[in-house]
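Note that the protein sequences, when read in sequence, are chains A, B and C. Heads up: the first sequence runs through residues 1 to 404, numbered per the working numbering. Heads up: the second sequence runs through residues 405 to 717, numbered per the working numbering. Heads up: the third sequence runs through residues 718 to 1017, numbered per the working numbering.
Be careful, since some hints might not be right.
[Stated by the list, open to error] In silico DSSO-like pairs for lysine-lysine, Cα to Cα no more than 30 Å straight-line:
id : chain 1 : residue 1 : chain 2 : residue 2
1  : B       : K512      : A       : K333
2  : B       : K556      : A       : K204
3  : B       : K512      : C       : K897
4  : C       : K841      : A       : K299
5  : A       : K61       : A       : K404
6  : C       : K841      : A       : K52
7  : A       : K321      : A       : K116
8  : B       : K480      : A       : K119
9  : B       : K512      : A       : K404
10 : A       : K400      : B       : K480
11 : A       : K331      : A       : K162
12 : A       : K349      : A       : K333
13 : A       : K117      : B       : K480
14 : A       : K52       : A       : K325
15 : B       : K556      : A       : K29
The set of hints was computed from the structure by calculation and includes no laboratory data.
Below are the chains, spelled out letter by letter.
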Amino acid sequence: MKRAMIVGLSVVLLGFLGVSFSYGANTIKVGFVDTYSGPASVYCFDVVDGFKMAIDAINAKGGVLGKKIEYTTRDEKFNPATGLAMAKELVMREEVDILAGTINSATTLAVSDFAKKEKIPFLCTFAKSEKITGEMGHRYVFGVAENTRMIGKATAFAVAKKPYKKFWVAGEDYEYGHAVGMASWRYIKAMKPDAELLGQTWWKVGEADLAPYITPIVQAKPDMLYMATGGVGNLNFMKLAKAMNLMKEMACFLHTSIELSNLQALGKEGPEGIMGTVNYLFYYPETPENKAFVAEFRKMYNRPPKVGALYGYAAAQLIAKAYQKAGKIDKEKFITAMEGLTVDSPVGKLEMRKCDHQLMLPMFYGVTQKSPQYPDFLIAGDIMTIAGKDYLPTCDEIMKVRQK
Amino acid sequence: MVKRKTTVILLLVAAVLVFLPLGVPRFYTYITALIVTMGLLSTSLNFALGYGGIYQLHHGVFYGTGAYATAVMITKLGYNPWLAYIAGPLVAAALSLVMGIICIRLSKLYFGMLQISLGSLVWAIVFRWYSFTGGDDGIHGIPAPSMIGSSKGAYYFTIIVAGLAMFLMYRILHSPFGSTLQGIRDNAVRSQAIGVNVRRHQLAALVMAGFFAGVAGVLFVVVDNSVFPDLLFWTLSLEITIMALLGGWFTFLGPMLGAAMIVLLRTFVSTVTEYWTFAMGILLMLVILFLPEGVLGKVFEIWKSRASAEDRG
Amino acid sequence: MSLDFLAYFYSPGVVCQILVGLSRTVILFIVASGLSLILGVLRIPNIAHGSLYMIGAFMAYTVSRVVGGGITGYWMAIILAPLGVALVSFIVERGIFSRLYEREHIMLFLLTFSFSLVFGDLVKMVWGADYRSVPMPTSFQGSIPIFGLPFPIYNFFLLLMGPIVAVLLWLIVNKTKMGKISRAAAVDREMVGAVGINVSLVFCIVFVIGCFLAGLGGALVAPIVNVVLGMDHTLIMECFLIVIIGGLGNIWGALLGSLIFGLTQSLGILIWPQFGIVFPYAAVIVVLSFRPTGLLRSTW
């Protein structure tokens, strides 16, 4: 028994030491904290897949400043506590050069706070809370994905000409839900002064049984319902909308309703007639850059890219080009080089805005509909492109919210 | 004999703890602080469960309440952090008293289930009160006084406070109160017959357990600078119970050892595979089937049998 | 908090909300009755019951994928998924549980907890972490208007299934020989064993039936929710509380408890949407304060 105890203790000690040693110091290490289990993971895998595709090409050409870019991932399980712990482990034990992630806005804010304390650059590759580059923005955080302020403004843009007067906002009770719902309402009201908010409904994140919440909304008869859900919530809503034929009762608007992850999950059962916005569609625009991107992604992963792939790809381009411009592996120089940097992407040239560290992505608006070309899922129809500079909040707006 | 061996090992561990931050990367300091916090928490659970025989199935709610009370006081109400650190455990103890009064009439599984439902109510309220508690997002970036704001500062604060708390719990459990408590655990009817107020004793034990759980909650806020609703969810309560069981819930230091094993395993297994929950489930199964007295319990058993074998010559 | 609900009282909104609450009740009842059965007869608080519910939903997904959507696929899923879950539970019961009936409750409780951890990750290993959507057969799609408000047809179907399952369960427990034996074993297993009946076999059958019900609940709910990891966590706690307030081992108690849970939640949402989910827990506390052993007689 004593021998067994000694063996056991040695194993633990070896484990302690053994796992602590990782890659060599001759690489640029990017640490991804994201959700790789549970429903949200379907978005996040695309991010690292897009990232990997980009760095494979970069590394094949010799890497950046003679070093290869490497990445490692940690699963936050869509839980801010776990995500923060993973970020701490990546920085304190793995000693990554750059942090990236996550899909959960609350985790992102917590990690952003941590990155500020540690003075390490953090690229937000999916979460959309406007606080990330807005109120809580700082030198060390960069927004590669769109944020809720942008989404809100794009929504208002899209419905500006429509005759809706009475609105209802409903969604999931968390950072992203509140942010996207309220931002959309704020900008709609700014563009349509006589618009009226009849009410708001918030349910817990991931709530599957939405019928008790939606029924009272139908009774209130708004012209348009803005859905402030994310992840699984999107699917739950879209399924219920189809079951209740909600589109007949009121206009429904949901950010990412036209995104492939959602539509693919719903399959042929998806609801037609739901309006939505998204930053990437693999079938639009049909430019040479987009087609090449889609072809390469399909070859590597045997599936068409979703919006996450764009974020991951753009993040890789930004990292490589910024280090190149900085001239050395230095965190502060890297950040300075990132500001104002422009990179190529499947949707055109993208600029990392200096004043708030937000990437200026274009937004696509569309309505879900069936398509003969893609029998397995719905696609977006009546597509409208909104350029980044047209719908990003101005630098002045951002500076004002940061002052508060 | 057992006691001497234990003291020696304890002194060694204490020495390691004091000098740890000077030698190892910051990450290990952080992990050790977390282990000590969880160890304190599972020891406080064992106060009620192992020593009191009470089916404390949702102990985590006191931990979470202590943490949230502290967090809310600092961030939303603007209290001085030191004040919040003292008030947090008091709030947890108060909740423990209220819940205890409601649940104490029942026994065994019913007590546990009522505690779970009351605890779930607390969780549901915290989870849905978005404007006050941050709801699903939790509260993060909670500032700590500069003295303990750094990694090292938080670490030393944690081991000093936890050490004090453990010492206090040890003294209480080895006092007449503690003996009475264990007597109630072993035979409540007989204790009642000799004039012990069973209810009052159990209630006092619950309040103390809740208080120390609240202390662990404060330490979590200091080490992690955030709170999340998961701290109040029933799965955490069961995890703490696993720690106590794994370490040995008829010993004082067992839960601390169990906490160390679980936190270390979780950290390192997670870097290798994403199926940590599976591993923990299997581990728990093995412990229940083959090692119900826990690791430390088994160790003591062996030492004792060795000692008595030596005595017999 | 909106006090407008007072004006609502006889409105279509409330009727619809009650119906929606009742369809949730049906699912809760099916799963909780299984839990109650196992708790009453075997005295095992089975936390893994929630995981079996989840496995039932995932199996329904797989069956409908293999057989194809549409009405046959659906019915096959409803029948095969619970059978699959029953098989899993049979293996677990014979392999591990049957050896441990003599242990203290808290150990059994923790053992079932360990199973829920293992099953949770097993589901992840087998089915992966993605969204799963079980297609709704066309005959169930759409909604019918109740006082002018759309009420999904599938929820209506659930409202029919509920009483059917309840009646079938009642018949099995009260009218079959096996049912009578298991009720006797719940009260006094030693006596039943002394009379020469194979108690171990009885326990096995009851356990498997209980788990079948969990799987059935999961399969029935699959088309209207998303089949995801983690769907077991809140459900199992709700079912436990339902069983406690209904009376341990009492099937009608499980029905009563599910009614209380389903209705307080849906009406709670109408009254105070933000804290809708708090109402059922509050109801549980009220019930337990007045009737600590549950509303109806328990078998313990």
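_Those earlier numbered hints the structure runs against, lowest number first_ = Failing hints, ascending: 1, 2, 5, 9, 11.
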